[in-house]
Amino acid sequence: MNAYFWLIPILPGLAAALNGLAPKATGRMAGHLAVLAMLGSLAISSMALFAALTAGHAFQPIDIDYFTWIGVGGLNIPFGVYVDQLSLVMMMVVSFVGSVIFIYATGYMHGDPGYVRFFTYLPLFTFFMFLLVMGNSLPLLFVGWEGVGLCSYLLIGYFYDRDYAAAAGMKAFIVNRIGDFGFLLGMLLLFWYTGSLKFTGLFEAAPGVFTAGGAVITVITLLLFVGATGKSAQLPLYVWLPDAMAGPTPVSALIHAATMVTAGIYMIARLNPLFSMAPVTLLVVGTIGGLTALFAASIALVQRDSKKILAYSTVSQLGYMFLALGSGAYIAAIFHLMTHAFFKACLFLGAGSVLHAFHRDTDVDVFEAGGLRKYMPYTRATFLIATIAISGIPPLAGFWSKDEILWEAFAAGRVFLWFLGILAAFCTAFYMFRLYNLLFSGEFRGTEDQRHHLHESPAVMWLPLAVLAAFSICIGCVNMPLLGYTGFHDFLHPVFAHGAAHGAEAVEENAFLASSFLSEHMLEWIFAGISVVVAVVAILFARVFYVWFPNMPERMREAFSSIHTILFNKYYVDEMYHAGFIQTYFNGCGAANWFDNRVIIAGLNGLANTVRGLADRLRRIQTGLAPHYALGTLAGMVFLVVVFLLCY
Amino acid sequence: MQIQVPEISLWQVLPELIVLATAVGVLASDLFVKSVQRVNVTLTATLGLLIAFFTARSLEASATPIFAGMVVRDSLSILLDQIFLAGAMLVTWIGHEYARRNPRQFPEFTALVLFATIGMMVIAMSADLIPLFVGIELLSLPLFVLAGSDKDRLASGEASLKYFLLGAFSTGFLVYGIAFIFGVTRTTNLTVIGQSLAAHAEATPLLVLGFALLLVGLGFKISLAPFHMWAPDVYQGAPTPATAWIATGSKIAGFVALMRVFTLPDVSFAALSDYWTPGIWWLALITMIIGNAGALMQSDLKRMLAYSSIAHGGYLAMAFTSGTRIGAEATLFYMAAYLLMTVGAFGVAIAASRSGQECEKIADLSGLARQRPWLAFAMSIFMLSLAGMPGTAGFVGKLWLFGAAVQAQYYSLALIGVLTTLLSFYYYLRVIVYMYVHEPDDRLLFNRYSFSNGLALTVCAVGLVGLGVFPNLLWSTIRLCTGAV
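Chains as they are written, first to last, in my numbering: chain A, 1039 to 1686; chain B, 256 to 740.
The following block holds chain B by itself, in its conformation from the complex (with noise of 0.2 Å):
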């Protein structure tokens, strides 16, 4: 008997090698250096992304799966790699500031960060249910920890235990789901899933009942409703850098997940989207509903933000139920505005602390423009941008979701979406109105942020105003991705 070794070319996962090294680099200096400078955390861990950055944008895009089948690196996971290199590079650097006032979680958090990094990169090039799921615990993992890491506030805790208690709940059903679908095909890898039905596409109710269950699952990561309800608690109790990376790099892992199970023609199930495009539509409708009406009565900012970010899963959600190519380069545009614009908000969340206070209600901006002009103008880039302000990527990237949705003849959706869009700039321009028409309520003083603060949150101004006038810039290398797809 012969057995077959796997061909094993590790120079095309090196961007997720140099993160691994980075991240135990980083949890180990704290064992072996006395008292470590929190900067030069920061630094390792950037000098670490930019690496991983420049070798992902420097590897070739092959459409064959590698390592047996398991992964592939196609330009899709190559695009993705970039996106979450430069998420976790962003937000390392508004974490910074935080770890280093609350200095007894440092520096796992930043380890952490990294960790959850690599699990959101494996997703990005699974070729298959296996390492997808791996990916998917990579990533949670570090996130519940994360998310308990500010051990001194009680409700840091709550939100880890709930996050864990319902992240394992779900992911009993994805498991459940990878099963069903193993059961009926026989495999659990999606290109050959894709080959079979290229030549014969045809679903069993048993099949449809596994979709259901993955649906279920990964509907969890990216909370659409009814299986958002985490999201808030979570985003409010968590530290803010780890609420950031909660929601963009990990919702977007999810939509990348969605994406490589559902979407990609020849290589998963988008041969029978008849059979998975009416749930996603329902969750999407149900999701756009609950998460702007959610966020509309919120005076809690971080809480706020949650809602708004169940929202934007809702509209991806939209353009991923078209199916379409265009609808998966809208989806592919709008996580790349997301990330900029959530993580900058976050951002500025931290930074606009007092001494010794941080900021959590939307009242706690107040007079933020008054001695703070550029933390304020910055802001109000990002909820415009959130809002859909044309100038702003998220202008843009609304728009072709919308067109998406429109051209997949989804008109009760798009209409929707647009209504609730509408309904969301009341929440949006109320924190820009707090920023600059209200007097500060106290004597007390906006903190200095840091410089790595303020340079995130410039990268992220600077981006959402960039990609909103020459959305090119991105477009054309999406286009790239998914015509190579």
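Next up, chain A with everything else stripped away, as it sits in the complex (with noise of 0.2 Å):
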């Protein structure tokens, strides 16, 4: 099985390879070929899965390097892959809802001029992400961090006569470099303490060489999470993943909803050992988790574009995660970001099939839909199933995970951050069933002429929801804690034993878990009651508001003008990024354009006219006269004659 593991990341650039090199020759079957691919991976994944579940407790981690990519020195860096538990669930995130949204792309992208340049680009995507997942170093990591994001670049600006999809894919890229940038610091920061750029070896001499809630781990985690919070839209460089809205749909769903955005939660995961010593990051990433959750949920609260909404919904949801690796609970942000893949790509693919309905390629005004639930049945129950997920109610897979975090964050002493997570989940279900409603239900606001049009998408299309709307509902029986089931639990717990047991303290005890007359069990019963109830009144003001009392939404506007504009606004960020940092860079462009011309052109200039009229001069010596030539040699002679006697 570990012989074939290579050929994970493999087949998927295989595709990519012969679609991008041979256009001509794929032509209408790029898609099928990277659907084939895309499957291959998955049973690959599968396999080494079931191999590693049967195993139990006798898996080892699997640590194979194929050839020394970088050896110069004291640096050796192989090329290979390490896989673990952690790796497996990632491998199966990426490949299975990869393949499921591949599918529906072959539908939904159907006669699009650009087909098989976008399935160069998804395979492409999809063998840099395993890449990052499977990669076992750093560096190695690094590469496949930077592949997803040059693919999310050529993706997000897939429809490049548009300006602002252009202007989206460039935004993506540079608020990303600002993040790198971090990562990079961290990375060589890492390098040059321990020596060792491989996880296992990073992982042997990290207890050694650094001390526990020391400056130094402390500034290299935090600088490693710079990196994460670019890659996964947190506070304060979320703003590019609204923007990225712009690429085509499936695209939204599988790299900024499922999998390239998770990858600052994976990196976090995977060095866990690194950030359990360092307590003090740890409260960073949960407070920015936090904050990240409930702002991004307000934001979302008033937008009127179906997959504006639900960026800032992913926004949220990343947040959750984030305040979950703050809690120091690793496998409930690993279990979120799992559940969230599949819901969260099923509300994409649904909005997608509404896209199509209208004809259109990236933006709805949800004003302008509803009464949908007649004309796309499959896609309003698939859009349901993952609405109701996401806001958390019982037994469907967002329930699950996020009530694990909310927990967690409680009983590791983060009172503020259930606090933020409780509020986020409010917002969350109110907004997520505004958008249901305002799709779904009611009487259709479009035209005549959109209503005329009005149609379920094909098969290729409606079974992969059907197939993600299965798995939003009971993908989170893999760890049941309230029933006494934590199979998930269990099987990604080795992962992170190492760290817990060098770490530091990082997360205090509960004061009032501790002094409290009911048990745990009791306690976590009522918490999950709680979230239940909060989201159960969030579902029932969206009715009142959006399908009892459709004026109600005007009159509230009215009431709160100034808030709804805050919030409509997303409170001015891109404005304040705009007039703080871009017209500062420009004005900063402006003086070093003045510097180039007056002082560097104008010097090199003189320099080029001054070389210029000496290799006039020297041309002038070649006269085209074979004695003239004759003399020079002479001359030369006399010069190398005198020059060797000197020397003597």
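One should not assume that every hint holds.
Ranges between beta-carbon positions, derived for each pair [unchecked claim]:
id	chain 1	residue 1	chain 2	residue 2	range
1	A	Ile1102	B	Glu694	16 to 22 Å
2	A	Asn1635	B	Val688	17 to 23 Å
3	A	Thr1106	B	Val288	53 to 59 Å
4	A	Asp1343	B	Leu677	47 to 53 Å
Please keep in mind that the hints were generated in silico from the structure rather than gathered at the bench. All of these numbers come straight from a predicted model, not from anything done at the bench. Even for Gly, the Cβ is constructed at its ideal location relative to N, Cα and C.
Both chains are given apart, each in its own frame, so use the hints to dock them into the complex.
Right, here's the structure in full:
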């Protein structure tokens, strides 16, 4: 089995190469080729997972070096894979959700003039994503990290003839550069101190080199976290993700919801032995996560574009995952990552299905839709399931993972994080049902012409939706601590045991928990109850606002017009960035331009003219007459003899 | 009186004999076979060169001189044989089409290239100043003829005459230098000289004078300034395939001769390096400046490449001056890279002809990327490699050349080298600008280039990128050579 791991990234890489290099040959088959490659990767990943599950506790992480990638002096970075339980979960998420979305995309992108180009970038993305989650060293992870960033850029700007898409692509790329700079610095510092960048070597060396809670490890982990905020769209670098919705919808589902944006969470979970040694960093991670969760959710409350709402929802849900990481609940974070991948992909693809019915590429104003349940029954059903899942209603998947995060945060003594989380949970349930109600309930509010064209998507699109919806229902059952079943937790536990053993006491015990007269299990039930009640109340609110009293939103908007304006304009963050950074940058560019024109270019022109004059004069020596040349040779001989004899 | 008959082991010079047989065969075929097909000539030459190449590969290296101490079959000579044979093959391929377009020079063209190749191979294995001189003459005479082989063009005849006159002039210095050296050391055998120097390293003014005159003669061959002045005129006037072989084979052979005389430890004047390095130091400096400054303003492609070739001679001389092992290794590596990029550049100049009009000006390449994208792509690789862009063999080679100079503490020389390299980007990139940015100035289409030319260009381009990314492919062989000598 282990001998075939290299095929997992190579298969989609091969598909990308074929489609990219021979677009005419693959043509209409490009999509099928890509799907086939992904199914191959899925098959191998599944077999690997099955082998790990049957091995149980006897399973040992697999570390294979294929060849030396960089060998310079003391630096030796092999090209190889590291497959443990964490990688297996990520591989399964990428290959499974990826396969489903690929299949959907063959229908969604059908007839698009850039079909082959699309199916070049998308498999290339999965190639890099597999590299990211399977690489056995930080540099290899970084290659995948940058590679998925590149593909993200290419796919956001897929409709390159539209200005906003091209601009969104650049925005994503540039904002990520800031994060990557931090990541790179952290990586270099790690190498500086430990002399190793392979995960195994790193984890072995770390306890000896760093003191738990010390300044060095705190700085390193904070720098790495800066990288994570860029890639996983957290405060203050989240701004690129909402704009990234300019890409085709399958891209939003795969890259900007299910896989790439979770790379930051994966990276922190992968480096948990390091992060566990830096309690300050964990506090920062959790706080940023909690704030982002609430911040993004509040923006999502009032947006009008269906994909934008989902994008802010993604930012918010990623915030939950960081909240969990910051509470030391790595497994809860990965669990939520997994469930989120399914229901958020389902939501995005559902939104894509609606766009398909509207014959649009990127945006539909939700107030133009409505009543779609009559026209698109399958899309509506799957969308509803995923909406319930993300809102945290048991027994669907989202409930189990989100509840575990909130409970772990509380149990770890981070009560304020729990509070942020529960507020965000309220917002989540509200804006998701707002979106659902506006799209599918009531009567159609668009034009007659649009209504005429409304239709259910073909089976190649709604079948993937159904698969994702089914998983949104049941994937939570792998970990149900309330009912005493913790299979997922037990499976992943070995990955995080090492760090827990060597880490500082990252999180203090909750005093309330210790003194409470209720048993821990009872409290867990009570907290789950609170979550559910909050979600149900939010759903009722959404129902009241958008179905039973349709003029309520308008009145509320007037009553709270200032708040609405701030939220609708996303707290003016983009404007602030523009005034603060971009304008300053342009001013600096102006100054540099002046310097370049007046000093450098002027100086260089002077130099160039001098050289040119010299060259011209040299050319005149070349008379074309052989006697002159012979004279030159003679002069050279005299010169040489003089030099030789002088040096004698 | 007993006469010692020197041991004759012909199988050790088998590659040279195979090339000789091929050359004679090609020349003779014109006499005996009516209307020889051009393609047959090229195929025959290719076959002969291939056989010679693999024969050379299979030879066993030995540091013991043979033929009464005249030549030595060490691993250096075996490696150089392979470089020369491969170069001759590439030149034959790019010349195939040119000769077909100008049928009056055939098949002497191919035969002359092969004869010159034998001269180079003789230089590569010389262990004595006499075969060294014979090799240089054997190399020069066919090249004089080649330069004038385009009988319809006046410029070609002029080039040939200039080349011959100045060549004869410089050969005088060479012979004079050898005579001085013989006068002082009482031998022409480099092995004997090396051994006596190992015991007692001292120079006399007369010997140093001999060095200076020898350097004038060899400096002409490798067109070091101020002995370079023939090069632009000859390169421009000679038929392009002949130019390619003059620019590469002859120049590399000249450096090999310098190496045989000056740098090989224990079998040359290496022990007296304090006496001969200052002279070469100055020549390298002047050559780098003059070569690059001269190329800057040229509008003629071949003339630009001539000055570029002079400049590269300066870089090579810079590393050569260091006299160290790394310097010799860098020189050898750069020779191979230089061969590929220069033959490639001239190959493109041949291929980029329009109907009835050879490519002469750089402006003649305008719009090449539009009509012959692969040709323009290959030319870009050659230009970038000549400029020393990372990812090409030109970069790796230059890195080692400059590294050798820095290691020998010739900082000012290395600095001038880097600065002039920066300068060179201007005229190399200008070619790319013409190919990709400028529109073709008339409606004339570029000719289709022949298969053999395409093959040669592919080999050059792939080789340059391959050596640029995996320099160890060649580097390890070179290290083996310098370790052995």
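Quiz item: Cβ-Cβ distance between Thr1106 (chain A) and Val288 (chain B): within 53 to 59 Å?
Solution: Holds, since Thr1106 (chain A) and Val288 (chain B) (Cβ atoms, about 56 Å apart) stay within the stated range.
Quiz item: Are Ile1102 (chain A) and Glu694 (chain B) spaced within 16 to 22 Å by their CB atoms?
Solution: 54 Å, violated
Exercise. Go ahead and decide if the range 47 to 53 Å is satisfied by the Cβ distance of Asp1343 (chain A) to Leu677 (chain B).
Key: Check passed, 52 Å falls within 47 to 53 Å.
Quiz prompt | Distance restraint hint 17 to 23 Å, applied to the beta-carbon atoms of Asn1635 (chain A) and Val688 (chain B) | solution = Holds, since Asn1635 (chain A) and Val688 (chain B) (Cβ atoms, about 22 Å apart) stay within the stated range.
Comparing the model with each numbered hint stated earlier shows that hint 1 is the single one that does not hold.
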